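Here is how the chains run, residue by residue.
Number of protein chains: 2
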Amino acid sequence: MKVTENIELRDREEDYININPLQTAGRTTLEARKAIVSYLDGYSVCDWCKGALCEMEKPPIKKFLEEVSAFLGMDASILTNGAREAKFAVLHALTSPGDAVVIDGNKHYTTYVACERAGVKIFEVASSGNPEYKINPEGYAKVFEQVKSETGGLPKLAILTHVDGSYGNVVDAKAVGKICRDYKVPFLLNAAYTSGRMPVSGKEVYADFISSSGHKSWAAGGGNIGLLSIADSWKEKVFKPSAKYKVKPLEILGCSARGSATVALIASFPHVKERVKHWDKEVEHAKYVASELEKIGLVNLGVKPRAHDVMFFESEVLFKISETHKDKNFFLYNELKKRGIVGIKAGLTQNFKLSTFGKTDEQIKHLVWAFQDIVEKCK
Amino acid sequence: MKVTENIELRDREEDYININPLQTAGRTTLEARKAIVSYLDGYSVCDWCKGALCEMEKPPIKKFLEEVSAFLGMDASILTNGAREAKFAVLHALTSPGDAVVIDGNKHYTTYVACERAGVKIFEVASSGNPEYKINPEGYAKVFEQVKSETGGLPKLAILTHVDGSYGNVVDAKAVGKICRDYKVPFLLNAAYTSGRMPVSGKEVYADFISSSGHKSWAAGGGNIGLLSIADSWKEKVFKPSAKYKVKPLEILGCSARGSATVALIASFPHVKERVKHWDKEVEHAKYVASELEKIGLVNLGVKPRAHDVMFFESEVLFKISETHKDKNFFLYNELKKRGIVGIKAGLTQNFKLSTFGKTDEQIKHLVWAFQDIVEKCK
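These protein sequence lines are chains A and B, in that order.
Numbering-wise (the numbering used here), the first sequence opens with residue 5 and increments by one.
Numbering-wise (the numbering used here), the second sequence opens with residue 5 and increments by one.
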């Protein structure tokens, strides 16, 4: 069914239980939807502009950003086009081509790409590999020493993926932050899969910077949007304004998200503040799904016990079914869809990830039943 | 009236004739609105991702970008978060800090800020100043010579604002392009106020790059979005992929606009292709408004005859009224609003800009009448 001449109707959230890790926590709230519809034209937040997006009082962007900073335990925040743009902004402000930057082995690809674009030399804290893929905070100290011995100095920045988008491992950010503080290496916490889903406090984990993703984890939509939150001491360097246009921060080229995504983020914020208080429920759901699916032969990779809604499975049992099923490797996608579930990539059976975020108890039970039923009926 | 707890209802396009130059050509079409509502959740265009936003077949982003390239007389295009991000992408790919870049005196502030962020040395082709603010293409040759004598080499890039957002001056881009070609200086045409409104052909004007703004001039919305179109010879340098993630272009950090703005841009495209054919009508409206407002004492700055919908006025007559009017300098805003018109900044009377884009003959007549009536009744 088409919604316009060239665009198909999208009904993933309306008609299915969506378990795509990219999308579960970016599902918009009713409030965000209303705000988006009212502000969907270009430059819609600029009606009362006095020169700077992040200082705008109507819609209340300035006030919202102050609240975000408090919510994340940071001193100041600005809007970006996404978490990747927030990471690049910090890299661009702090480093010169050739400088050393330390990242983790479970990083999102955009962390790597942002480093490449900034021209820095990348040093990686490897994960423990299969099956846990654990990032050991002590690895940061080791790699700092390696950087020191190879380059003669410390890295200009350390980036930690708070929770990665594959295994859903929650890293001990405080331990990494403490090491960075001890070495005096600036610490950027990429909270794309955490802030907006679960409690995050930059102060508690010694973060100098936090990058967040509105469309991934803050129930925002109507365009992509992110947040860059910083500790006060970095204001001059990272929020530096143009020398000529004094209200325009260089690293967001003056103004970033200037349309419906901004009001969506603001409109969803009361809901987001509330939902992080119920993170224990989300973890409970994740644990339950992981353990139930392991009972039918799937293997949940990553650090146990599950502490996040994103999870990765290896599944010989489903792969074997695909070898003789008439739909071949598309059988899992098709069988789940028949049971009202979407979000695992079409064609995958042997390795896949999913997210249980934001589901009700009934939906979680239905999800488990669907896998059980598929294994039973198709085996 | 509030649309949500923290966001006011926005009804500028629904209840008024909006003449804000930022907004007139970013007003979404019905098709775009339908597409936005269907795709308003985070990462909504990523359901069928095979790794790269600009290669996506469902929604038909790849096909759309091919059509955009043909439409603009260029070889290849990618999505960006806006025209400013497109300009910075080119600057970042082509220059190193300290390199010389030539821009024009009527540039958008983001051109300057993008240059500052890239750390380049800015050389400016001055406009002729009040009252025409004309950019003489020959100025580019002169400034290239100046760069040569001051730095010993040619600039790494020349940027021309095709039409500026203050005076609405249409610069002879072909003449500038020819000079750039002769000097072998890469030429970036900032078409934020032209492509999507009026016919633009990169090939005809010898453009190496064109930056476009979806939310400003392509009837897009549901988030900010832009386009970067290039000549084939620049593909390797400007669309360079990550060394590790081969499908992810560095300069857009892999994927840029990944939500409703993308489908809005695609959904509005048939309308945009059609509307540029009727540019003569838009120019006729602009000429009519400029000449009628001059008859009641306003002075239209910029190059004459009017050739674009954006126009700037000096108005001693309205300023004088404001000195004794009970609403002081807010009288013009209030009086226009009473007559169903918004879009001139509240508080301005002596200098202001407006745009007549996309208005019907009746709306244009009403706009002129409103100014006549205000001058007559308030004088």
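The hints are simulated quantities; they were obtained by calculation from the structure and are not laboratory data.
Please note: incorrect hints may appear among the correct ones.
For identical chains, the list gives no copy identity; a pair is met inside one copy or between any two copies.
Calculated pairs, BS3-like style, for lysine-lysine (alpha carbon to alpha carbon, straight line, at most 25 angstroms) [claimed, not checked]:
1) Lys207 / Lys342
2) Lys324 / Lys341
3) Lys241 / Lys125
4) Lys381 / Lys38
5) Lys349 / Lys67
6) Lys6 / Lys38
7) Lys62 / Lys138
8) Lys160 / Lys66
Everything numeric in this text was worked out from a predicted model, so none of it was measured.
Hints, one by one, checked against the model:
no. : hint            : in the structure
1   : Lys207 / Lys342 : neither (46 angstroms within a copy, 50 angstroms between copies)
2   : Lys324 / Lys341 : within (20 angstroms within a copy, 69 angstroms between copies)
3   : Lys241 / Lys125 : both (21 angstroms within a copy, 20 angstroms between copies)
4   : Lys381 / Lys38  : neither (42 angstroms within a copy, 40 angstroms between copies)
5   : Lys349 / Lys67  : between (39 angstroms within a copy, 22 angstroms between copies)
6   : Lys6 / Lys38    : both (23 angstroms within a copy, 10 angstroms between copies)
7   : Lys62 / Lys138  : neither (45 angstroms within a copy, 35 angstroms between copies)
8   : Lys160 / Lys66  : neither (30 angstroms within a copy, 38 angstroms between copies)
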